[in-house]
Amino acid sequence: MSDMRTPLAKVRGLGSAKDGTTHFWRQRITAVANVFLISFFVILVIALQGADYASFTQALQNPVIATLLLLVILVGCLHMKLGMQVIIEDYIHSEGLKLLLVMGNIFFASIIALSSVVAVLKISFGG
Amino acid sequence: MANADLKANRPLSPHLQIYKLIVTMVMSILHRITGAALYFGTILMAFWLVCAAAGPESYQFAMDVFGSFLGRLVLFGFTWALVHHMLGGLRHFVWDMGHGFELSTANWMARATIIGSVSLTVILWIIGFIVA
Ligand code: HEM
Ligand code: HEM
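The listed protein sequences derive, respectively, from chains H and S. Note that our numbering numbers the first sequence so that position 59 is 541, with each residue one more than the last. Note that our numbering numbers the second sequence so that position 83 is 116, with each residue one more than the last.
Fair warning: there could be bad hints in the mix.
[As the list claims (entries may be wrong)] Anything over 12 Å on all C-beta distances counts as not near chain S; from chain H, calculated:
| hint | residue |
| --- | --- |
| 1 | Ser484 |
| 2 | Met486 |
| 3 | Thr488 |
| 4 | Val493 |
| 5 | Arg494 |
| 6 | Gly497 |
| 7 | Asp501 |
| 8 | Val517 |
| 9 | Asn544 |
| 10 | Glu577 |
| 11 | Met585 |
| 12 | Ala595 |
[Stated by the list, open to error] DSBU-like, lysine-lysine: derived pairs with alpha carbons at most 35 Å apart:
| hint | chain 1 | residue 1 | chain 2 | residue 2 |
| --- | --- | --- | --- | --- |
| 13 | H | Lys604 | H | Lys500 |
| 14 | S | Lys53 | S | Lys40 |
| 15 | H | Lys604 | S | Lys53 |
| 16 | H | Lys580 | H | Lys492 |
| 17 | H | Lys500 | S | Lys53 |
| 18 | H | Lys492 | S | Lys40 |
In short, the hints are calculated from the structure, not lab data. Beta carbons: idealized from backbone N, C-alpha and C, even for Gly.
Input sequences plus hints: build the corresponding full structure.
As C-alpha cells, then:
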C-alpha cells in the first residue's frame, strides 16, 4: 500500500490529532511521579490520622510537607484528568455528549486541584 | 461503507458475557475501575483539606466523618484502590519497557498485583492502628 503522508509529516510523527504521543507520554510521566508522591501521601495520611487541629496545621506549615502535598495534588489531578479522558473517549461515541464530558472532566479536575491547593496554602501560610 | 445498513441484523463479535474471566483480563479491568474510583475519591481529599483550611470546628467535623464506621470503610476501600492501581501501574511500566508479554509472566504479574494490593492494604491499616 502506498503511503500518502509527506516526508515532513512522517518525521514529525504527530498524526491526525496533531499531538502524537503527548497524551500517552504525560500519562506515563505523571504515573512515575505518582509512585513516589502517592507513597508519600499514604504515609502522611497514616501519620496524621486522628491528629488534633494544632498538630495538623503544624505539619502542613512545614514547607517540605506542604510542597510535596501540593505536588501530590497537582500531578495527581493532571494524571487523573488524562486517564478519565481516555475512558470517556473509549465509551462515549456520540459527539455532543463526548464533548460535554471531556469538558466536564477538565472542570472537575481543575476544581479539585485548585480548591485543594488553596486550602493547603492557606493552612501552610498560617491561616 | 458509506451505504452500509447499520441497523441490519449483522453478525456480532463475541463479547462480555461470552468469554471466561481470566486473571490478566480482570486486572486490566480493575486498573481502569480503580483509576475511575480514585478520580471521584479525590473529592474526599479536597473535602478533608478544605475543611481543615476553614478552621478547627469544620476540621473536627471532617475527622468525625472519616472516623465513623462508614468513613473508615470508605477509606479502607480508597487505600486498596490506590495501592492496587499503583501496582497495576508498575506492571504497565514493565510492558512499556517491552518486557513481560509472555503468557506465564503476564499471569504471575497479574496474580502478584492482586495478592500484593490486598496484603499491602491490610499491612498499611495494621500499621495505622499501631501508630494511632
Ligand atoms: C499511585 C501511582 C499511580 C500510578 C503508578 C498510575 C499509573 C497509571 C498508568 C500507567 C495508567 C495508564 C494505563 C493504560 O494506559 O491503560 C493509569 C491510568 C489511570 N490512572 Fe493512574 N496511576 C497512579 C495514580 C493514580 C491516581 C491517584 C489516580 C486518580 C486520582 C489515577 C487515575 C487514573 C485513571 C482515571 C486512569 C485511566 C484508566 C484507564 O485508562 O484504564 N491514577 N495510571
Ligand atoms: C467483561 C468483559 C470485559 C470488560 C469489562 C473489559 C474492559 C476493558 C477495559 C476497562 C479495558 C481498558 C484497560 C486498560 O487500558 O488497562 C479493556 C481493554 C481491552 N480489552 Fe477488554 N474487557 C472485557 C472483555 C474483553 C474481551 C473478551 C476482549 C477480547 C477478546 C477484550 C479485549 C480488550 C483489548 C484488546 C483491550 C486493549 C484496548 C486498548 O489498549 O486500547 N476485552 N477492556
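**Study point:** Distal placement of methionine 486 (chain H) relative to chain S, Cβ over 12 Å
**Key:** holds, 19 Å
Review point. Just checking, serine 484 (chain H) versus chain S, shortest CB gap more than 12 Å?
Key: Correct as stated: the minimum Cβ-Cβ distance to chain S is 21 Å, above 12 Å.
Check your understanding: Once the closest CB in chain S is found, is it more than 12 Å from glycine 497 (chain H)?
Key -> It holds; glycine 497 (chain H) is separated from chain S by about 19 Å at its closest Cβ, greater than 12 Å.
**Study point:** Given hint lysine 40 (chain S) paired with lysine 492 (chain H) - CA-CA distance at most 35 Å
**Key:** Distance ~38 Å between lysine 492 (chain H) and lysine 40 (chain S) Cα, so the pair is violated.
Practice item. Would you mind confirming whether the straight-line C-alpha gap from lysine 604 (chain H) to lysine 53 (chain S) stays at or under 35 Å? Key: violated, 52 Å
Practice item. Decide, holds or violated, for the assertion that all CB atoms of chain S are farther than 12 Å from the CB of methionine 585 (chain H). Key: Holds, since 16 Å exceeds 12 Å.
**Study point:** Nearest-CB test (12 Å) between chain S and valine 493 (chain H)
**Key:** The assertion about valine 493 (chain H) holds, with a minimum of 23 Å to chain S.
Check your understanding: Is the nearest CB of chain S more than 12 Å from the CB of alanine 595 (chain H)?
Key -> violated, 9 Å
Review point. Holds or violated: lysine 53 (chain S) with lysine 40 (chain S), Cα cutoff 35 Å?
Key: With Cα atoms ~29 Å apart, lysine 53 (chain S) and lysine 40 (chain S) stay inside 35 Å; holds.
Point to revise | Given pair status - lysine 53 (chain S), lysine 500 (chain H), alpha carbons within 35 Å | key: With a Cα-Cα distance of about 39 Å, the restraint between lysine 500 (chain H) and lysine 53 (chain S) is violated, given a limit of 35 Å.
Point to revise | valine 517 (chain H) non-interfacial with respect to chain S [C-beta, more than 12 Å] | key: Non-interface label on valine 517 (chain H) violated, nearest chain S Cβ at 6 Å vs cutoff 12 Å.
Point to revise | Restraint check for lysine 604 (chain H) with lysine 500 (chain H), where alpha carbons must lie at most 35 Å apart | key: violated, 40 Å
Taken one by one, the earlier hints fail for this structure at numbers 8, 12, 13, 15, 17, 18, listed in ascending order.
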